[in-house]
Amino acid sequence: MAHDIAHPAVDTTTGLDHRKLAIWTFIGSECLFFASLIGTYLVYKGKSVVGPFPHDAWVSPAGQHLEPIFEIPLVTFGTAVLLFSSFFVVLALANIQRGNRKAFLGWLGATIVCGLFFIGMQVYEFTHFVHKGLGFTTNLFGSSFYALTGFHGTHVTVGVIWLTSILVLGLRGKMPPEKALNLEIAALYWHFVDVVWIVIFPVVYLMS
Amino acid sequence: MTGNPLIREKAWPSTSIYWKVALVLFALTALEVAAFEVAHRDIATLTAIVAPILIPILILLSAMKFALVAAFYMHLKQDSIFFSGLFVFPILIAGGLILALLALFSYARTFAAGG
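Protein sequence lines correspond, in order, to chains A and B.
Using this note's numbering, the final residue of the first sequence is 209, and nothing's skipped along the way.
Using this note's numbering, the final residue of the second sequence is 122, and nothing's skipped along the way.
Note that these hints are calculated values from the structure, not bench results.
Hints are supplied without guarantee of correctness; some may be wrong.
[What the hints assert, rightly or not] Calculated lysine to aspartate or glutamate pairs in the DMTMM-like style (CA-CA distance at most 20 Å, straight line):
no., chain 1, residue 1, chain 2, residue 2
1, B, Lys-17, A, Glu-179
2, B, Lys-17, A, Asp-12
3, B, Lys-17, A, Asp-18
[Claimed, not checked] To list a few chain A residues with every Cβ distance to chain B over 10 Å, as calculated:
no., residue
4, Arg-20
5, Trp-59
6, Gln-123
7, Phe-127
8, Val-131
9, Phe-137
10, Ala-148
Positions of the beta carbon are idealized from the N, C-alpha and C atoms, including for glycine.
Please construct the entire structure, taking both the sequences and the accompanying hints into account.
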């Protein structure tokens, strides 16, 4: 069943809610932030002089032959989980607007679990790479990779904290349907984090 | 109707639409990885076909996923056109920024190589 009016008129000069206008403006500025990081990654792609390399085998200074460091299956799974978290948060929003408190809390909880899984995946990946000899200053790939994916991971972490605060309010009964806009704004941020990953995943992991 | 051109009073998508979008997103991600695997393994003629066009395939699939999330999950299809502008305009600048960076560094390398 279709639900709610997309954007009912509010008493402002534009007829649009200022909080929503603010989050969209913020998202617009974030586009440029991530564009600079993605652009930097692309500029330095394939320009590293020493390994480890993302897609090619390499020989360590000790003469050890090492495999490419990316683990595509793990990251693909993480990508799918992040995509599903976007789906879950949109269901949470639909349910809070309809006044289905239990479903709202359940879907929001599922979104947070997905976000935590993604962060865990990234922590595991970074730790694994460090053990394989890729530090932040090892080569151009390391610097641009950690900067790009690290900033994205930070955004995911902020999103998880934001959504968790809404979940806590919901559990305390302080998120009635009239306050659905609070979740809508957090959800917009969460979807943005998701679309950024939709760009990062093929650019970093699949384009060799 | 409000009479305000910034406001589109459209109903948001139904839960079944959200489900369909989720399945399409999952399928598109699977296609991305499948294209990558085919391009990097020796699978007879398939590799020869996919490998040279891997990057355009990935860009296309990624753009489709991006558009689906923005249109249906971020509700840009139903919400105020002003919000669409606030999102699309920076994306265009961001695309231009990435292309400009690539062109600038490509030129710098060519210039350096030529002495």
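Evaluation of the provided hints:
{"no.": "1", "hint": "B:Lys-17 - A:Glu-179", "in the structure": "holds, 19 Å"}
{"no.": "2", "hint": "B:Lys-17 - A:Asp-12", "in the structure": "holds, 19 Å"}
{"no.": "3", "hint": "B:Lys-17 - A:Asp-18", "in the structure": "holds, 16 Å"}
{"no.": "4", "hint": "Arg-20", "in the structure": "holds, 12 Å"}
{"no.": "5", "hint": "Trp-59", "in the structure": "holds, 17 Å"}
{"no.": "6", "hint": "Gln-123", "in the structure": "holds, 17 Å"}
{"no.": "7", "hint": "Phe-127", "in the structure": "holds, 21 Å"}
{"no.": "8", "hint": "Val-131", "in the structure": "holds, 25 Å"}
{"no.": "9", "hint": "Phe-137", "in the structure": "holds, 21 Å"}
{"no.": "10", "hint": "Ala-148", "in the structure": "holds, 14 Å"}
In the structure shown, no violation is registered for any of the earlier numbered hints.
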